[in-house]
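Trainee: So you can see what is in the structure, the chains are spelled out below.
Protein chains: 2
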Amino acid sequence: MSATTTPAATAAAAPDDVEEGVVLSPKFDAAGLVTCVTTDALGGEVLMVAFMNQEALQKTIETGEAWYFSRSRGRLWRKGESSGHVQRVLEMRVDCDQDAVWIKVEQGGGAACHTGRKSCFYRRVDRDAKGEPLLSAVDAERLFDPAKVYR
Amino acid sequence: MSATTTPAATAAAAPDDVEEGVVLSPKFDAAGLVTCVTTDALGGEVLMVAFMNQEALQKTIETGEAWYFSRSRGRLWRKGESSGHVQRVLEMRVDCDQDAVWIKVEQGGGAACHTGRKSCFYRRVDRDAKGEPLLSAVDAERLFDPAKVYR
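First to last, the protein sequences are chains A and B. For the first sequence, counting from 1, position 46 maps to 42 in our numbering; every step adds exactly one. For the second sequence, counting from 1, position 44 maps to 40 in our numbering; every step adds exactly one.
Read the hints as simulated data drawn from the structure, not as lab findings. Treat the hints with caution; some may be incorrect.
Note: identical chains are not told apart, hence a pair may lie in one copy or across any two.
Only pairs whose alpha carbons sit at most 20 Å apart, straight line, appear in this in silico SDA-like list of lysine to any residue [as the list claims (entries may be wrong)]:
(1) LYS55 with GLY104
(2) LYS126 with GLN54
(3) LYS23 with ARG120
(4) LYS144 with ASP12
(5) LYS144 with VAL85
(6) LYS126 with VAL18
(7) LYS144 with SER79
Fair warning: this is a prediction, and the values are worked out from it, not measured in the lab.
With the hints as extra help, turn the sequences into a complete structure.
Mentor: Given below as structure tokens:
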């Protein structure tokens, strides 16, 4: 929205292209990344949270398979390239300010986490008797043996 | 896992405290933040993606209501402080490497997005006839009028 072309009186009602438009214009952060939330298309649970740079986002859209940018390894990463557990993207959404995407996927091999669990979120944050945070395993069954998959 | 105290032969099997332990030890990034995915406890859809610093995470755990750290405003932010649309946290989970949390919330007012929608993810990324990305409104009904809520 440009202040020079939009009269102040109507500014509040004028559509903001980023939030209301039909053009995908990702707001990459200083590191060139947007956040990606990946959920299971069937069950709906959050499988993982990762990041995409411009190339990962483009490849995901073009191929229909999830590509990410690994911050720790500093490189593009096709999900499943080592494990074979590819994610087929059934739907992609973008959020209001376009700094995050949400993909609903069909998870190859049934497990998204490198530890062998279906989801990376296999621990619940509870509180102990003193009110301090304590993690409890939940949905933590291993569907594969990482030592055998990542060799 | 310390290479100096863990024999190489058993290193692969040794539990990694961050991934397998019961201690919450968030891996904050260079800006002091972890990513937070917020889903609707009832329907399961992703409502929003935001960030938490140490204080926001602690306040969320202590109060049972969602607190975030706004990168754009550079300050702690209690969800609903302006709109009244507080998020009651029914469950919190942490991911494998503890750089992201997932909270399942009961969304006060029924809408999490500042645009008035239930979810910030109200646009699907489709492709046009040329294969270029094109956004389509989906679940985009406004549940409140932002102009009346944020004054």
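Trainee: Hint by hint, where does the structure go against what was stated? Just the numbers, ascending.
Mentor: Those not satisfied come down to hint 5.
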